[in-house]
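Undergrad: Residues per chain are reported as follows:
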Amino acid sequence: MTIEAVFDAGTAATRATDAILRDTLHGTARGVVVDSPPGAGKSTLVVRAALELADAGRPLMVVAQTNAQVDDLVLRLAEKNPELPVGRLHSSDTDAYDKTLDGLPNVRKSAKAGDLAGLPVVISTAAKWAHVKTDEPWRHAIVDEAYQMRSDGLLAVAGLFERALFVGDPGQLDPFAIVGSEQWAGLSYDPSASAVSTLLAHNPDLPQHRLPVSWRLPASAAPLVSDAFYPYTPFRSGTGPGDRALSFGVPSDGSGPDRVIDEAAESGWGLLELPARHTPRTDPEAVRAVASVVRRLLDRGGAATSERSPAPTPLTADRVAVGTAHRDQAAAVRAALAELGVTEVTVDTANRLQGREYDVTVILHPLSGRPDATAFHLETGRLCVLASRHRHACIVVCRAGVTDLLDAYPSTEPVQLGTAVKFPDGWEANHAVLAHLAEHRVGWRP
Amino acid sequence: MSLIATLARLEAVSTGRARPTATVRHRHLSERPLVFVPLTTAGEAGAPLGALVGSDRDAPRLLVVAQPRDRDLRFAFLAELADIVLPYIDSYADAVEAAERSETDPETGKRVKVEVELCSDAPQLIVPSRAGVEYVRLLGRSMRFRRTAEQDPQTPYPAPPRVPLLGRWLTHFGERSRVPGSSLLLALTEVLGRHWATGQSSLEDQHLGALLAWIAPPGGDGGAEAALRAELARDDKGQLLCPPAGPATDPAFDNKLLAPAIERYDRARTALAAAEDGLQADDRLGELTAAERAIHELVLSRTLPTWEKVWQGLDLLRELPEGAHVEERWTRDRWSFTGHRDRVVAGEPPQPRRDDAVTAANKLATREREQGRLDAQEALDDPLVMAGRRLAGEAFAGEVVDVVMTYSEGKRPSPRPLVTVRTDDRTHLGERARVFRSLGGKPQAAEFVRRADPDGAGGEDGPEDESLLVLRIVDKMGRGKEPEEGSVPEKGDRVCFTLFEHEQRGGAKLPDPEDTPWTHGGPPGEPVPETADSVTEEDTL
Numbered sequence: 001m002t003i004e005a006v007f008d009a010g011t012a013a014t015r016a017t018d019a020i021l022r023d024t025l026h027g028t029a030r031g032v033v034v035d036s037p038p039g040a041g042k043s044t045l046v047v048r049a050a051l052e053l054a055d056a057g058r059p060l061m062v063v064a065q066t067n068a069q070v071d072d073l074v075l076r077l078a079e080k081n082p083e084l085p086v087g088r089l090h091s092s093d094t095d096a097y098d099k100t101l102d103g104l105p106n107v108r109k110s111a112k113a114g115d116l117a118g119l120p121v122v123i124s125t126a127a128k129w130a131h132v133k134t135d136e137p138w139r140h141a142i143v144d145e146a147y148q149m150r151s152d153g154l155l156a157v158a159g160l161f162e163r164a165l166f167v168g169d170p171g172q173l174d175p176f177a178i179v180g181s182e183q184w185a186g187l188s189y190d191p192s193a194s195a196v197s198t199l200l201a202h203n204p205d206l207p208q209h210r211l212p213v214s215w216r217l218p219a220s221a222a223p224l225v226s227d228a229f230y231p232y233t234p235f236r237s238g239t240g241p242g243d244r245a246l247s248f249g250v251p252s253d254g255s256g257p258d259r260v261i262d263e264a265a266e267s268g269w270g271l272l273e274l275p276a277r278h279t280p281r282t283d284p285e286a287v288r289a290v291a292s293v294v295r296r297l298l299d300r301g302g303a304a305t306s307e308r309s310p311a312p313t314p315l316t317a318d319r320v321a322v323g324t325a326h327r328d329q330a331a332a333v334r335a336a337l338a339e340l341g342v343t344e345v346t347v348d349t350a351n352r353l354q355g356r357e358y359d360v361t362v363i364l365h366p367l368s369g370r371p372d373a374t375a376f377h378l379e380t381g382r383l384c385v386l387a388s389r390h391r392h393a394c395i396v397v398c399r400a401g402v403t404d405l406l407d408a409y410p411s412t413e414p415v416q417l418g419t420a421v422k423f424p425d426g427w428e429a430n431h432a433v434l435a436h437l438a439e440h441r442v443g444w445r446p
Numbered sequence: 447m448s449l450i451a452t453l454a455r456l457e458a459v460s461t462g463r464a465r466p467t468a469t470v471r472h473r474h475l476s477e478r479p480l481v482f483v484p485l486t487t488a489g490e491a492g493a494p495l496g497a498l499v500g501s502d503r504d505a506p507r508l509l510v511v512a513q514p515r516d517r518d519l520r521f522a523f524l525a526e527l528a529d530i531v532l533p534y535i536d537s538y539a540d541a542v543e544a545a546e547r548s549e550t551d552p553e554t555g556k557r558v559k560v561e562v563e564l565c566s567d568a569p570q571l572i573v574p575s576r577a578g579v580e581y582v583r584l585l586g587r588s589m590r591f592r593r594t595a596e597q598d599p600q601t602p603y604p605a606p607p608r609v610p611l612l613g614r615w616l617t618h619f620g621e622r623s624r625v626p627g628s629s630l631l632l633a634l635t636e637v638l639g640r641h642w643a644t645g646q647s648s649l650e651d652q653h654l655g656a657l658l659a660w661i662a663p664p665g666g667d668g669g670a671e672a673a674l675r676a677e678l679a680r681d682d683k684g685q686l687l688c689p690p691a692g693p694a695t696d697p698a699f700d701n702k703l704l705a706p707a708i709e710r711y712d713r714a715r716t717a718l719a720a721a722e723d724g725l726q727a728d729d730r731l732g733e734l735t736a737a738e739r740a741i742h743e744l745v746l747s748r749t750l751p752t753w754e755k756v757w758q759g760l761d762l763l764r765e766l767p768e769g770a771h772v773e774e775r776w777t778r779d780r781w782s783f784t785g786h787r788d789r790v791v792a793g794e795p796p797q798p799r800r801d802d803a804v805t806a807a808n809k810l811a812t813r814e815r816e817q818g819r820l821d822a823q824e825a826l827d828d829p830l831v832m833a834g835r836r837l838a839g840e841a842f843a844g845e846v847v848d849v850v851m852t853y854s855e856g857k858r859p860s861p862r863p864l865v866t867v868r869t870d871d872r873t874h875l876g877e878r879a880r881v882f883r884s885l886g887g888k889p890q891a892a893e894f895v896r897r898a899d900p901d902g903a904g905g906e907d908g909p910e911d912e913s914l915l916v917l918r919i920v921d922k923m924g925r926g927k928e929p930e931e932g933s934v935p936e937k938g939d940r941v942c943f944t945l946f947e948h949e950q951r952g953g954a955k956l957p958d959p960e961d962t963p964w965t966h967g968g969p970p971g972e973p974v975p976e977t978a979d980s981v982t983e984e985d986t987l
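Line order of the protein sequences matches chains C and Y. Numbering of the first sequence is given in the working numbering, commencing with residue 1 and proceeding in unit increments. Numbering of the second sequence is given in the working numbering, commencing with residue 447 and proceeding in unit increments.
Any given hint might turn out to be false.
Unchecked claim - As a list, the in silico SDA-like pairs of lysine to any residue whose alpha-carbon atoms are at most 20 Å apart:
# : chain 1 : residue 1 : chain 2 : residue 2
1 : C       : K133      : Y       : G555
2 : C       : K109      : C       : H131
3 : C       : K133      : Y       : R951
4 : C       : K133      : Y       : N808
5 : C       : K80       : C       : A96
Hints are computed from structural coordinates only; laboratory data are not their basis.
Just need the whole structure built from these sequences, with the hints factored in.
TA: Encoded structure:
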């Protein structure tokens with residue numbers, strides 16, 4: 001056991017954050033890279049760094065990847081310091097930003113960077129920043145979700161700032177291109193690679209930090225997610241085994257969905273296994289199983305107890321999410337839920353669930369019912385995103401036989417010279433997760 | 447694979463004939479394409495064995511390397527190829543039309559229109575298969591850094607003149623073929639596969655003979671049997687009746703026919719070199735010529751069937767009318783051709799071995815934009831492609847059942863008509879989702895308002911898959927208070943809206959290469975002219 005592990009989680013996290021802020025505010029390197037596992041307080045760090053840089057009088061630009069992330073950051077900044085003038089640079093589309101921003105007196109919104117000149121903090125998406133021209137670069141930048149930003153996206157904005165703090169989660173989905181980019185594989189500046197890999201390939205001496213504690217994942221999930229997806233950079237949960245609990249007012253009716261809900265409430269994980277079968281992507285049985293689990297979760301009067309509040313909070317529809325691999329699967333689940341009268345539950349793909357947090361998640365396993373295991377379905381980040389959105393429990397719905405499928409389809413992606421091999425590969429990570437889930441298996445024939 | 451493509455393949459299996467997946471031709475076909483059927487030698491990358499090439503269907507030129515490992519013979523082959531391909535390319539370089547292009551004025555930094563030349567047509571290279579495209583790229587790479595005796599008299603093994611130039615053009619064709627929707631260099635199997643779905647896998651579709659067997663089975667056969675015969679049937683000497691379209695050859699051909707013929711040629715050459723007098727030399731020259739002719743016959747016998755199939759495939763494609771946007775995409779190919787012509791004329795060096803950071807990012811951005819444009823244009827040009835998008839929930843078509851005029855709020859109210867569309871398509875429309883329809887070639891946008899509660903029609907008692915969608919038209923209705931005539935659909939009109947945009951937005955401008963930021967290694971420095979490929983042991987086997 002290392003010395004760090006002796007400290008309690010809070011101390012370890014504080015020490016990491018202090019070191020990051022020291023390097024950011026007082027370091028000499030042009031960049032600082034922070035790796036953050038799921039729910040490790042990445043947004044909190046970004047907000048804190050932004051406030052400290054603003055306090056120090058250094059003009060700051062913040063680059064996020066989506067408009068939702070930008071609006072979220074603006075709201076968090078305003079919550080922490082309502083006095084701080086913040087610029088929200090947005091596109092000229094209709095509904096370019098969240099209308100709740102209109103209620104914040106110190107947030108100035110514009111589609112032109114010139115209107116926001118001189119504000120201590122200006123926030124926008126990478127796509128919008130790419131259109132900004134400036135004679136005098138910002139002294140500081142924060143690049144959020146840097147592992148989901150493509151190298152060519154960074155190329156377009158890097159001229160706007162002198163130094164930057166890059167924050168992101170290396171375990172989530174890699175950025176992708178809709179056309180082939182093999183011809184640049186192995187080049188340090190491969191435009192389809194992640195911004196951080198290009199940055200570090202050209203600047204290997206930049207200080208790199210890691211947030212060591214996940215505040216989101218419960219004690220039941222952190223070890224599995226850490227082992228399966230971050231084997232060389234382990235992290236732990238900020239809460240202990242007894243700190244969170246999930247209980248239900250209505251007892252189980254003995255059906256598959258109820259039994260798997262009880263298993264997940266007890267252990268943090270549940271696998272509802274349907275009989276092995278090759279199915280279309282929108283497997284009607286699996287989709288119905290997902291929907292009935294969600295319906296029962298809401299019907300049984302769930303209550304979540306956590307370190308946030310002493311009294312149990314009711315498990316409402318907004319605290320539950322369904323995750324899938326494909327958009328048509330999400331649409332099918334939404335339709336099935338609507339038939340059962342459930343409309344408030346978030347149903348989305350892994351890509352869109354990145355950065356979100358719920359009490360309970362129900363996921364349709366990416367390999368369920370498939371006859372083959374393609375690189376898309378094996379991608380480590382996809383499973384990692386799906387398995388790390390929850391504060392209490394995660395229920396996986398899957399056809400039997402995925403382990404056999406994995407054994408029949410070892411990874412056969414061509415090896416490209418000069419590209420960093422990512423560990424673990426999807427094959428290994430999938431096996432690790434399935435081995436753990438097998439202990440929480442509930443078989444069910446719908 | 448999309449659902450409609452899967453259905454088409456299933457239908458092809460059950461009917462024994464390929465099913466059309468397009469009603470128009472989505473790629474430009476030149477009046478006078480240059481067809482290139484190359485063969486390569488097993489065991490050495492980029493060692494051509496021969497080729498049939500030409501733009502006249504009835505008069506292909508046969509080029510053969512009798513001993514593929516002999517560098518002099520290889521250069522002679524490449525020089526001959528250059529003598530065919532370069533005049534073909536040049537024949538398009540001189541006919542130009544005036545065009546305008548936006549350029550940044552170096553003094554004011556403003557975007558200004560400049561009068562430039564645009565070639566009025568461009569050359570088109572057709573190879574049989576995807577592997578042929580790769581081979582064109584490989585030949586281009588192996589030639590463009592060669593130095594001729596004129597450029598560099600000191601270096602041993604100079605390339606014949608024009609070979610490096612051919613390398614630059616083949617590189618350009620190969621690079622352009624990576625742009626979605628481009629037609630400067632086409633692989634016939636890919637183009638056929640875009641327009642027909644067969645009852646075999648897409649991997650099997652790369653066999654030109656098998657693919658054509660599904661699309662146009664000879665006699666009254668089913669596609670599956672004809673394709674199987676094309677793949678496997680052999681004559682009594684064990685040779686494939688339908689030789690693979692190359693560039694790789696069948697191992698049975700290599701072992702049983704080609705290797706003995708090349709050995710015979712080698713023996714004849716050695717014997718000729720050892721001839722002691724003129725008479726003996728004459729005899730042995732006769733034997734060498736005969737050996738050479740035998741290899742020519744062999745190469746012809748493996749390329750001619752493919753040559754004919756390529757033209758047969760082109761005939762099939764020409765029967766389809768050209769899609770409406772094909773011309774526009776071909777214009778971009780013409781720009782690409784003109785651009786490279788200008789670079790060659792200006793004496794610029796060959797394309798670098800590796801792209802720099804900015805060039806790579808620009809290329810990726812262009813290709814992604816072109817892919818988006820191609821997907822949208824193919825759907826707009828072709829109801830069958832649109833049907834696939836509708837089936838995937840990315841578009842919907844239906845009848846307008848109601849139009850209610852409303853106006854936007856504000857000082858100058860603009861028309862915002864509410865249009866109710868009855869559709870059988872199942873679409874997943876989010877709140878205020880934007881949808882688009884084509885109005886006189888331009889996209890008109892609308893917002894999804896709600897699903898209507900139908901009175902009488904549809905509803906609880908109506909057909910299950912039918913729904914009424916209320917849309918609010920938001921643009922392309924003119925500046926006045928009343929919409930321009932024809933800009934708002936009327937009751938009874940058939941309309942088709944897509945969830946995807948019809949036009950691609952231009953991406954942000956990337957920095958110039960000399961302004962490459964520190965995150966990407968900083969400026970690459972003064973461009974150093976790329977040195978010629980150094981001579982290696984393999985060059986002088």
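Undergrad: Given the hint that K109/C pairs with H131/C, test it: the Cα-Cα distance must not exceed 20 Å.
TA: It holds: about 16 Å lies between the C-alpha atoms, which stays within 20 Å.
Undergrad: K133/C and R951/Y: Cα distance at most 20 Å?
TA: 18 Å, holds
Undergrad: Run the distance test for K133/C versus G555/Y: straight-line Cα separation, threshold 20 Å.
TA: Holds: K133/C and G555/Y sit about 13 Å apart, inside 20 Å.
Undergrad: Sort out whether N808/Y lies within 20 Å of K133/C, counting only the CA atoms.
TA: 18 Å, holds
Undergrad: Straight-line Cα separation of K80/C and A96/C no greater than 20 Å?
TA: Outside the cut-off at roughly 24 Å; violated.
In this structure, only the earlier hint numbered 5 is contradicted, and the remaining ones agree with it.
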